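All chains, please: the whole structure from these sequences, using the hints.
Protein chains in written order, with full-length UniProt numbering: chain A, 1 to 383; chain B, 1 to 526.
Calculated directly from the structure, the hints in this document are not laboratory data. This one's a predicted model, so the numbers in the text were calculated from it and none came from an experiment. Do not take every clue at face value.
Covered stretches of chain A, as calculated for chain B (at least 3 residues, CB under 8 Å) [as the list claims (entries may be wrong)]:
{"hint": "1", "region": "70-82"}
{"hint": "2", "region": "178-191"}
{"hint": "3", "region": "291-298"}
Below, simulated DSS-like cross-link-like pairs (lysine-lysine); rule was C-alpha separation at most 27 Å, straight line [claimed, not checked]:
{"hint": "4", "chain 1": "A", "residue 1": "Lys29", "chain 2": "A", "residue 2": "Lys373"}
{"hint": "5", "chain 1": "B", "residue 1": "Lys395", "chain 2": "A", "residue 2": "Lys174"}
{"hint": "6", "chain 1": "A", "residue 1": "Lys70", "chain 2": "A", "residue 2": "Lys174"}
{"hint": "7", "chain 1": "B", "residue 1": "Lys498", "chain 2": "B", "residue 2": "Lys511"}
{"hint": "8", "chain 1": "B", "residue 1": "Lys511", "chain 2": "A", "residue 2": "Lys174"}
{"hint": "9", "chain 1": "A", "residue 1": "Lys248", "chain 2": "A", "residue 2": "Lys338"}
Now the in silico label distances, taken between C-beta atoms and shown as ranges [claimed, not checked]:
{"hint": "10", "chain 1": "A", "residue 1": "Phe265", "chain 2": "B", "residue 2": "Ala472", "range": "33 to 39 Å"}
{"hint": "11", "chain 1": "B", "residue 1": "Gly493", "chain 2": "A", "residue 2": "Glu135", "range": "52 to 58 Å"}
{"hint": "12", "chain 1": "A", "residue 1": "Ser261", "chain 2": "B", "residue 2": "Asn350", "range": "57 to 63 Å"}
{"hint": "13", "chain 1": "B", "residue 1": "Ala472", "chain 2": "A", "residue 2": "Asn204", "range": "41 to 47 Å"}
{"hint": "14", "chain 1": "A", "residue 1": "Leu131", "chain 2": "B", "residue 2": "Thr315", "range": "48 to 54 Å"}
{"hint": "15", "chain 1": "B", "residue 1": "Thr315", "chain 2": "A", "residue 2": "Ile232", "range": "53 to 59 Å"}
For every residue, glycine included, the Cβ atom is placed at its ideal position computed from N, Cα and C.
Chain by chain, the residues:
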Amino acid sequence: MSATSSVLPLPASGRVPLTLRVFAALDRKAWIALAVFLALALVVVPVLNLALPPESVFHVSAYAITLIGKIMCYALVAVAMDLIWGYGGILSLGHGLFFALGGYAFGMYLMRQIGRDGSYGADLPDFMVFLDWKELPWFWLGSDSFGWAAFLVVALPAVVAFVFGYFAFRSRIKGVYFSIITQALTYAAMLLFFRNETGFGGNNGFTDFKRILGYPITAPETRLVLFGLTAIALAATLVFAAWLVKSKFGRVLTAIRDAESRVMFIGYNPLWYKLTIWVISAVLCGIAGALYVPQVGIINPSEMSAANSIEIAIWVAVGGRGTLIGPVIGAFTVNLAKSWFTVSFPEYWLFFLGLLFIVVTLLLPQGLVGLWKKLMARKGAPA
Amino acid sequence: MKKTLFSLLLSVFCLGALAAPDPALVRQLAADDNSDKIAAIQQLAAAAEPGTATLLQAMADDSLFVAGDRLFVFTGDGHVDALSGAPAELPEGADSVTVNNRLRGELANALAALKLFDADRAVRLAAARELQSQVGAELAGVLAKARDQESDGEIRPLLALAHAQATLQDADPAVRLAAVRTLADAASPAVKSLLLPLTDASRESDRAVRDAAVLALKSIERSLAWMDTLAGIFSGLSLGSILLLAALGLAITYGVMGIINMAHGELLMIGAYSAYAMQSLFRAYFPDHVDWYLPAAIPVAFFAAAAVGVLMERTVIRWLYGRTLETLLATWGLSLILIQAARVLFGAQNVEVANPSWMSGGVELLPNLILPWNRVIIIGFALFVLFLVWVLMNKTRLGMFVRAVTQNRAMAGCVGVPTARIDTMAFALGAGIAGLGGVALSQISNVGPDMGQGYIVDSFMVVVVGGVGQLAGAVWAALGLGIFSKLLEGWAGAVIAKIMILVAIIIFIQKRPQGIFALKGRFADQ
Chain A
1 MSATSSVLPL PASGRVPLTL RVFAALDRKA WIALAVFLAL ALVVVPVLNL ALPPESVFHV
61 SAYAITLIGK IMCYALVAVA MDLIWGYGGI LSLGHGLFFA LGGYAFGMYL MRQIGRDGSY
121 GADLPDFMVF LDWKELPWFW LGSDSFGWAA FLVVALPAVV AFVFGYFAFR SRIKGVYFSI
181 ITQALTYAAM LLFFRNETGF GGNNGFTDFK RILGYPITAP ETRLVLFGLT AIALAATLVF
241 AAWLVKSKFG RVLTAIRDAE SRVMFIGYNP LWYKLTIWVI SAVLCGIAGA LYVPQVGIIN
301 PSEMSAANSI EIAIWVAVGG RGTLIGPVIG AFTVNLAKSW FTVSFPEYWL FFLGLLFIVV
361 TLLLPQGLVG LWKKLMARKG APA
Chain B
1 MKKTLFSLLL SVFCLGALAA PDPALVRQLA ADDNSDKIAA IQQLAAAAEP GTATLLQAMA
61 DDSLFVAGDR LFVFTGDGHV DALSGAPAEL PEGADSVTVN NRLRGELANA LAALKLFDAD
121 RAVRLAAARE LQSQVGAELA GVLAKARDQE SDGEIRPLLA LAHAQATLQD ADPAVRLAAV
181 RTLADAASPA VKSLLLPLTD ASRESDRAVR DAAVLALKSI ERSLAWMDTL AGIFSGLSLG
241 SILLLAALGL AITYGVMGII NMAHGELLMI GAYSAYAMQS LFRAYFPDHV DWYLPAAIPV
301 AFFAAAAVGV LMERTVIRWL YGRTLETLLA TWGLSLILIQ AARVLFGAQN VEVANPSWMS
361 GGVELLPNLI LPWNRVIIIG FALFVLFLVW VLMNKTRLGM FVRAVTQNRA MAGCVGVPTA
421 RIDTMAFALG AGIAGLGGVA LSQISNVGPD MGQGYIVDSF MVVVVGGVGQ LAGAVWAALG
481 LGIFSKLLEG WAGAVIAKIM ILVAIIIFIQ KRPQGIFALK GRFADQ
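If you want it as structure tokens, here you go:
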């Protein structure tokens with residue numbers, strides 16, 4: 001995807017309509033791949049799931065749909081991580097926080113949609129009844145509205161990321177310092193969310209959802225709609241990211257990654273470039289979290305554990321940093337391996353994951369995409 | 001109040017006249033009315049004759065029987081007459097003297113008061129301590145007597161305090177005033193609540209007593225606050241010493257060598273499991289010297305963690321020098337492998353590591369302030385390790401080489417320092433110190449495969465706050481963070497305190513990105 005455009009010859013001035021520039025972000029092969037992906041997700045998978053009987057070899061089970069839907073959310077997070085790490089050179093160990101914030105924001109709406117069908121039959125969510133609360137805390141106001149929830153999914157990670165990022169980038173915290181500080185931030189948030197008094201269900205978080213926009217959340221049709229929406233979100237993110245990294249903004253960002261001081265000496269202020277990509281990345285994570293929660297059916301503070309955030313980095317590293325298809329490949333590879341391992345050899349999963357961290361950093365700095373390119377290059381030009 | 005004076009008089013009278021409990025009072029113990037019983041108990045206690053303690057103890061144990069106007073005590077192998085002490089048959093129809101909860105309370109106080117005259121100093125001390133709260137006015141007499149007889153410097157002030165509490169409601173303002181003045185030396189919340197009513201004009205008529213009570217309250221609040229701070233500082237020091245042990249190794253590997261080692265927590269875990277392994281070894285082969293497993297575990301933990309450290313450095317970290325973000329990921333992978341290895345070897349459950357007997361108990365600094373031995377020893381151990389590291393880094397050839405490589409790797413290499421070997425040794429040293437920290441941790445927290453994960457954020461915070469490149473920063477940061485967290489904890493609760501500390505660190509880093517002790521120099525890039 002990073003190959004230069006073969007669709008349209010771009011004038012040097014760059015005064016091309018936005019639509020065309022977006023169109024030029026991907027080459028023809030990439031557009032075809034994207035179309036095939038969307039056709040699969042929006043047409044083929046639903047048909048195979050609904051029309052075929054469960055005995056059929058080609059039947060796609062509900063489990064597979066949930067799994068793939070979940071991994072597509074992870075892939076979305078991985079692309080967000082790649083924007084900030086692969087193109088911005090900033091390794092965040094706090095992306096689990098933004099993912100969880102989006103998830104919690106949307107989870108609040110889903111909790112309200114339960115209505116009186118909870119185990120206490122009360123207007124308040126079950127955990128509040130359990131805590132003997134009489135009314136909703138102020139930050140739950142409006143949580144019964146889908147529009148407000150959708151707004152929060154975007155706004156909450158954006159605000160947190162902006163405030164934190166502004167102070168961090170302004171004092172030029174970078175490298176491992178930044179990584180460690182984001183990890184501390186996420187850790188603090190996890191502790192906060194673990195408390196019952198914080199008002200987000202404590203240890204158990206949100207679960208037992210019943211409806212979304214009035215539709216039953218476990219119905220096959222609802223699942224397929226969520227699945228399709230996730231696929232569209234992932235595809236749109238890829239197009240957006242491809243356009244972004246090829247724009248002038250993206251090129252300055254890459255320059256900051258490679259030599260920040262030089263970019264500053266030329267006269268750019270890295271703060272706003274870093275801050276913009278940081279907030280965009282956080283918002284994408286929030287959206288992924290919001291899509292993840294209704295499909296998986298639970299959100300709890302363990303999403304904010306250090307291990308989760310660092311695992312996001314390994315998806316990106318496995319696929320290949322600084323490419324956009326890499327994170328998607330990485331997220332699918334690692335998570336499919338995880339699903340297989342935790343069923344077949346649960347004791348060896350951590351050994352495998354640990355080795356993956358080591359092998360990828362030591363031997364595959366460009367990830368699978370880099371390996372593929374190397375193999376192709378060798379094939380193309382035999383010695 | 002009359003009762004007090006009466007019992008005081010009575011005790012003086014009894015002391016001269018009889019050497020045994022007053023028979024009339026003893027009979028009154030079996031009275032039908034509970035208030036008569038209580039009066040008898042109080043007067044007997046105030047008289048404090050020999051033999052009273054046995055009698056009241058028997059009553060408390062439900063071994064006092066009544067038949068007509070005679071009382072009998074069951075001694076375990078037979079009955080004796082309560083008055084004469086001569087063996088006697090228990091008559092038909094004898095009943096045990098009923099004792100309800102109110103009476104039990106009275107009996108406990110009376111028995112404690114009687115123990116004040118015991119020949120054994122330890123018994124007297126224990127009794128005096130027991131009488132530091134909820135002392136009724138009826139004990140005033142006996143307490144005064146005990147106080148005047150007491151020669152021990154530790155027991156006498158306690159008795160004075162108890163006596164003051166007992167006379168706080170006295171009819172005579174002068175006695176109350178004296179009591180209030182004495183109580184100003186006490187530092188307990190119970191005394192505080194006793195004095196509080198005396199500052200109220202509607203309940204205390206005498207102005208001098210009110211003023212004295214206000215002064216006394218202030219003095220008590222001061223000493224209470226002082227003790228709280230002292231206790232907070234001690235637990236802060238204790239936490240700080242643990243953070244220091246956890247972070248000292250990291251200060252070498254990250255601070256000095258610039259390696260982010262996310263598996264540092266797992267090196268702590270290896271140290272803790274070494275202690276567990278030595279404990280099992282000693283239990284199996286030297287059951288008589290189990291207490292020695294801990295000293296034996298120290299070198300074992302050091303070398304076990306150092307060996308793992310060398311392995312890590314040689315196989316993985318060596319290839320990633322200068323690529324800190326990649327080091328972070330690779331060492332995270334190492335930590336996952338080590339955690340899983342511990343699960344496979346020792347099981348996923350926490351294992352039990354017992355304190356040696358010489359580490360249990362505590363040293364009592366003040367009546368309300370007990371310092372547990374294991375905490376005290378860990379503080380000492382942290383200082384010892386710190387001293388060792390300081391000597392190693394500043395007084396040995398290896399330390400000099402490490403510092404040289406830190407300051408200028410290329411130049412150090414040029415003058416013949418084997419930089420690659422120094423890297424390995426320094427990393428092994430950092431790992432070994434983590435192992436020592438693990439031994440200390442095994443004494444105060446759970447030992448399990450995941451234990452290291454909890455310390456990694458904290459240890460990094462210590463190093464980040466302290467500043468990269470030196471040990472002094474780590475020391476001050478560890479102690480500062482420890483004390484601050486504990487003081488905040490007392491004020492806001494553990495979780496909120498932790499969050500506040502993390503947020504404070506994030507803000508602190510804004511102001512001093514290089515930590516408290518920055519290395520002097522100019523850097524365009526890090």
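Do the hints match the structure? See the list:
| no. | hint | verdict |
| --- | --- | --- |
| 1 | 70-82 | violated (count 0) |
| 2 | 178-191 | holds (count 9) |
| 3 | 291-298 | violated (count 0) |
| 4 | A/Lys29 <-> A/Lys373 | 16 Å, holds |
| 5 | B/Lys395 <-> A/Lys174 | 34 Å, violated |
| 6 | A/Lys70 <-> A/Lys174 | 31 Å, violated |
| 7 | B/Lys498 <-> B/Lys511 | 20 Å, holds |
| 8 | B/Lys511 <-> A/Lys174 | 14 Å, holds |
| 9 | A/Lys248 <-> A/Lys338 | 38 Å, violated |
| 10 | A/Phe265 <-> B/Ala472: 33 to 39 Å | 35 Å, holds |
| 11 | B/Gly493 <-> A/Glu135: 52 to 58 Å | 24 Å, violated |
| 12 | A/Ser261 <-> B/Asn350: 57 to 63 Å | 49 Å, violated |
| 13 | B/Ala472 <-> A/Asn204: 41 to 47 Å | 45 Å, holds |
| 14 | A/Leu131 <-> B/Thr315: 48 to 54 Å | 50 Å, holds |
| 15 | B/Thr315 <-> A/Ile232: 53 to 59 Å | 44 Å, violated |
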